[in-house]
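Line order of the protein sequences matches chains A and B.
Those letters in the first sequence? Residues 1 to 388, by the UniProt record's numbering.
Those letters in the second sequence? Residues 1 to 1108, by the UniProt record's numbering.
Keep in mind that a hint or two might mislead.
[As the list claims (entries may be wrong)] Below, in silico cross-link-like pairs of lysine to aspartate or glutamate (DMTMM-like), each with a Cα-Cα straight-line distance of 25 Å or less:
(1) A/244 / A/234
(2) B/985 / B/1054
(3) B/35 / B/338
(4) B/291 / A/109
(5) B/458 / A/149
(6) A/11 / B/482
(7) B/546 / A/13
(8) B/473 / A/234
(9) A/11 / B/581
(10) B/668 / B/706
(11) B/685 / B/482
(12) B/458 / A/336
(13) B/458 / A/381
(14) B/291 / B/274
(15) B/685 / B/706
(16) A/356 / A/273
(17) B/224 / A/315
(18) B/138 / A/347
(19) B/291 / A/193
(20) B/138 / A/234
(21) A/298 / A/234
(22) B/473 / A/97
(23) B/224 / A/112
(24) A/244 / A/149
(25) B/458 / A/315
(26) B/668 / B/709
(27) A/382 / A/201
(28) A/382 / B/338
(29) A/382 / B/274
(30) B/473 / A/13
(31) A/358 / A/336
FYI, nobody ran anything at the bench for these hints, they're computed from the structure.
Chain residues, written in single-letter form:
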Amino acid sequence: MADAASSLAPKPEGATGVLVLSDGSVLWGRGFGAVGDAVGEVCFNTSMTGYQEVMTDPSYAGQIVTFTFPHIGNVGVNDEDLESQVDGAVGCVVREDVTLASNFRSHGEFGDWLAAKGKVGLSGIDTRALTRRIRLSGAPNAVIAHDPEGAFDIPALLRKAQEWPGLEGMDLAKVVSRTASEEWEGSIWTLGEGYGHPSEEGRPHVVAMDFGAKDNIFRNLVQAGAHVTVVPAETSLETILELKPDGVFLSNGPGDPAATGAYAVPVIQGLLERDVPVFGICLGHQMLGLAAGAKTAKMFQGHRGANHPVKRLEDGVVEITSMNHGFAVDNASLPDSVEETHVSLFDGSNCGIAIKGKRAFGVQYHPEASPGPQDSFYLFEKFVGMLA
Amino acid sequence: MPKRTDISSILVIGAGPIIIGQACEFDYSGTQAIKALKEEGYRVILVNSNPATIMTDPDMADATYVEPIVPEVVARIIEKERPDAVLPTMGGQTALNCALALFEDGTLDKYGVTMIGANADAIDKAENRTRFREAMDKIGLESARSGTAHTLDEAFAVLERTGLPSIIRPSFTMGGTGGGVAYNKAEFESIVRSGLDASPTTEVLIEESLLGWKEYEMEVVRDKHDNAIIICSIENVDPMGVHTGDSITVAPALTLTDKEYQIMRSASLAVLREIGVETGGSNVQFAVNPKDGRLIVIEMNPRVSRSSALASKATGFPIARVAAKLAVGYTLDEIMNEITGATPASFEPTIDYVVTKIPRFAFEKFKGAEPLLTTAMKSVGEVMAIGRNIKESMQKALRGLETGLDGFNRVPELEGAGRDTITAALSKATPDRLLHAAQAMREGFTVDEIHAITHYDKWFLRHIEEIIAEEAKIMQDGLPIDAQGMRRLKAMGFSDKRLATLAVRSVHVAGGLGETQAKRAGLLHDTLRAMAGATSEDEVRALREKLDVHPVFKRIDSCAAEFEAVTPYMYSTYEAPTFGEPENEAMPSERKKIVILGGGPNRIGQGIEFDYCCVHACFALSEAGYETIMVNCNPETVSTDYDTSDRLYFEPLTGEDVLEILRVEQSKGELVGVIVQFGGQTPLKLAQALEDAGIPILGTSPDAIDLAEDRERFAALVEKLQLKQPANGIARSRDEAVAVANRIGYPVLTRPSYVLGGRAMEIVDSEQQLDDYIATAVQVSGDSPVLIDQYLRDAIECDVDALCDGEQVQIAGVMQHIEEAGVHSGDSACTIPPYSLPADIITEMENQAKALAMGLGVRGLMNVQFAVKDGEVYLIEVNPRASRTVPFVAKAIGQPVAKIAARVMAGEKLSDFPPFKRDLDYTAVKEAVFPFARFPGVDPVLSPEMKSTGEVMGIDRDYPRAFGKAQLGASMRLPTEGTVFVSVKDSDKPLIVPAIRTLIDNGFRIIATSGTQEYLADAGLTSVELVNKVAEGRPHIVDKIADGEVALIFNTTEGWQSLKDSQSIRASAITGKVSIFTTAATSVAAAEAIDTIRGSQLEVRSLQDYYS
């Protein structure tokens, strides 16, 4: 494809937004949301619903999300469909201009909300072409920019995209994690009731390590009967043990598991040595794998969508899952002490492990859904159930 | 988990004739299922009475029974074939009901037949309103407040709880027949009555009204391992109150947050689990209160359905194929997703486009039917369109409907109308309500106002508002002259034609002069074009060419480009040049290719028969080594299945859309030609535009087609060949029409030119009636003249189907109509071979057909209609294209007629194929099926206007038996005892005497109205009893029909008065489900059939057996 050529292509009339890829491609469109620019890795997500959850998922930190579904923003935004209070994705790319919201739960417009969050939106892009490009040549680094006047310094934006170091080796968990521990309140959402608030008596205590967690994980743990204390990513083993956990949860999060694992893996190993029950999701799962002696690797093509089939090996049942990962536990590297429990039916990559002889397991996908199918809520019950 | 090895043969039950609520989607699903089961090595036995299906092709199943789908006949098939299992979930409600009856009467048990796909208990639990509600209560899902009733009294008791308005749904009916919405007690009573009648279990469900709520549908597939996936979510644009089959729908759901969507998803899976659908596909329907999201389960179908066909085409996921594999024991993870070729079927398709379905209606065919949409389905077909946004998707669907729309056309009745008129129009759920909403915006209504009246979600209305605003801008400024501006308009889905119409208006020439001038040439026209940008469709296209603005083609890959797709299933869209130029995924091949244009949405007069021909063309040309490329926009069809052709474009069949496909396909390889003669009138209308664009048309030339359609040119050919036509003439005004009719002499047959399905055709007896016809039925003008023919009363009509390669003519079949001339050929029953014509007459018709084929230069198929009167053969019309009768002929004679025709069109010779063997030792009868029960108040009488939606074939060793089977297949059960009511017109009286004698001999009681009774008594039939006409006081004949005293009715009429007087007789027959024959010929045939069949059992025999 003509990259140098297209970077020279003149700005189309009325263009107020642009995505400049580090390879020199310049994708013109219409900006919305925050004015300004942001640098990140361009990924895609194939979910047809749940854009607000995606945009508040800390796992997308440092990323620009391309939504493959053309109409985004239809149902506006509300105060409930948030997955964190931190900055996840830095921007998003959509095909269609966002129109006024229509949904009884909507409290505002998607564009205004993005602007308030400081995230840049870009519409008018052939998102399918961009997705195919990502599929074929990997996720590029890029700058997304929005200026209502349409004034862009393309060479400067290109330089910024090229100079950005990228996600590999980056410990983004530190950036998006809480800085102080927090007692989590609230269980899952139900129609007409909102989030639940079950009583706190006699619940097993789960200490949840926040590497950039989605809130719905905590809600599911509470729903399953746990009392949850969320602690920052870099919390030490001693601090965790002082909290007297019945079990420790390892959250999802952005970035390279090897980088975050540098400090988290020893903590996890300490927990395993002391037979503390452990449950990990996504990044947490990968670090559990590292702690158990397996390796992780960056995937050529990450999994990002809400339609991914995973086979549960114990009984052959298929779970339709929400996924968002660019790294995976290498199933060829699993030591004898680790059992593979789930695999992806799309490409056979590892989707779940259990440590033999321990109450410790992890899944690569997102059983907390939000967005996505709720086939795997049972895992929370399984975890809380083993904290007798 | 491997497939089941405890079964080796499977009976698949089809859906029978095409009727409202059950169309060709069941041929699509059945065909997929049969292919999937055969792939697994099972012996497949099929029963389906519909000959126009691909599934009944003799090389599909191992044993194919074209027999009536009624329990006693299917039981005979089971007895003979001894299948190990029956798959009842592929043939709609017909198959489900039939299988359930066979389960309940012990037949399945007796012969050790297992139900696969869904068991009897699951079917009953899903279909029985009370059990379903209990099941929903159990899993904590809310149902509407409701109750069931078996009597009127019970119904009123339920009404106390639910209140008005109230929704009434009869149990065990498809498409909601007999149901409706009642706003007052009188309406309530009448709907409950018809609902109780329509329900085979005399049961109706009465529900609280959810009018105005949003409606959704989820397509679910589940395997025996409890793996369950959602294939597609569908959102109805029309709110609750309009049957989902009659609703405009979009996929995926567009106005739900993920949290709400997941509630619906989890609920759908819970419903399947609770009902116990373990191995197959189902759909679950929900209503959602737009104010608070309250979710109510409406119903579920434990089988594949019309919406599964839609979901399959919308996502690329082959639901029926997968469901069939699950039924024999596979699990979802063991089945490949053939679209990607790389991933398993156990995933949920995700799409990156918007799909719109718009139903197509036929109210204009049924005088007296009010075009109002209710909970009983009335549409006869549908169009689906795919776009990258809702605007493009909707506008493509509107032009794909082929109802004369190019997009959101103006609604003249509402132009400049008062607010009250517009409000009234919006408040009625008519087929045109979406267009009314758009017009209301032009008239100053706001989105909020329209939403308050229609309950259309504002999200949809706002997109329509943007389209209307854009239209206003074009009407103001003309067309953009730069590529970016043009691309922006095209990406909103505007057709070239619509743009031209709008652009012309930008030139403010007074009094419509702009429009007039736009059609002409000259200086003024040039000025106009310069100002508007373009003034005609061709000029808009030329402008686009100049700006290099063309659509690109994207793949339907079930995964939003996350994986590489292997299946070439495509749609067009206008994309931004994101990477230098718009990305096109068409990747045309280097092969020799042939494009087959399909028939578009089903309608009366153009249905599954044409899709059958298109599919055969695909198969035949593939076999001959060509790359086949299918273009169609009807989601119900086999032609739009992903493995029917080598490449599939799901696109509207308009000149613009087809030319853009050809442009891409011609960029590589060799386009051998386009086939336009197989898809009915739809592609035929495009022939000229394609030829003008230099596209090779295969087979008969467009000029020859025009020659056959153009009355004056055709008359010259007839004269040259020295054939005889009924006297005829053309009239371009009322006065001309009167003059022509006087010259020919009444009665005359009148119709507008260029018709299909006999639209607006009528037999006219007098000048007064002619005046009435011209005033109400047609517009007579220079552009659209009316054709007037001598009407040959009581003549016998015949159809001849033939093939011609330019050197040789092969007659495929001569069909004798059973109804006399004057009934539309599509509505007539007919037989192969003819049952009463002398050999010399048949030979004469064959010779004339041969002469015509050569004279016209036919290459491929041709259909000729003749009338025989007093030993004289009259030529009625010639259609040098595939006709509606092709599949029937092919099934009757056991020859692949359409396939050979396709190969002849591609250049092969008839001498390359073995000649047809046409001396049959059996008879095949085709009978038409009518939707009168859907249109209360419409007189169920046959006329030159086609009204049937489908057909069945009865095949047996002789004519009476075959006729009897055809009637049974068409739900006209011939009684073996009881009372027969006879009232026939004078000219029919002599004909009917022997028939009545036969019935008396068979023990029937005969009652007749005075004239008929007198005549029959004079003829010696003194036992015939007298019954009062309606006007003669009570109890009269209608009372007796309503009381169920009458088992069979022979009723023929002549003249308007007598027709009007007897309408209540026919109407009560339809409501009372009494078999009725409205022509003397069919009455005689029915009597003969009863005489032959009575006391003996119907024999069943497979097509393979007949042909061997």
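Each hint, compared with the structure:
no. : hint           : result
1   : A/244 / A/234  : holds (17 Å)
2   : B/985 / B/1054 : holds (6 Å)
3   : B/35 / B/338   : holds (14 Å)
4   : B/291 / A/109  : holds (18 Å)
5   : B/458 / A/149  : violated (31 Å)
6   : A/11 / B/482   : holds (14 Å)
7   : B/546 / A/13   : holds (19 Å)
8   : B/473 / A/234  : violated (59 Å)
9   : A/11 / B/581   : holds (14 Å)
10  : B/668 / B/706  : violated (31 Å)
11  : B/685 / B/482  : violated (32 Å)
12  : B/458 / A/336  : violated (58 Å)
13  : B/458 / A/381  : violated (40 Å)
14  : B/291 / B/274  : violated (29 Å)
15  : B/685 / B/706  : holds (10 Å)
16  : A/356 / A/273  : holds (13 Å)
17  : B/224 / A/315  : holds (13 Å)
18  : B/138 / A/347  : violated (39 Å)
19  : B/291 / A/193  : holds (15 Å)
20  : B/138 / A/234  : violated (47 Å)
21  : A/298 / A/234  : holds (23 Å)
22  : B/473 / A/97   : holds (19 Å)
23  : B/224 / A/112  : violated (47 Å)
24  : A/244 / A/149  : violated (57 Å)
25  : B/458 / A/315  : violated (46 Å)
26  : B/668 / B/709  : violated (35 Å)
27  : A/382 / A/201  : holds (20 Å)
28  : A/382 / B/338  : violated (36 Å)
29  : A/382 / B/274  : holds (24 Å)
30  : B/473 / A/13   : holds (18 Å)
31  : A/358 / A/336  : holds (13 Å)
Figure legend: structure checked against the earlier numbered hints; hints not met, in rising order: 5, 8, 10, 11, 12, 13, 14, 18, 20, 23, 24, 25, 26, 28.
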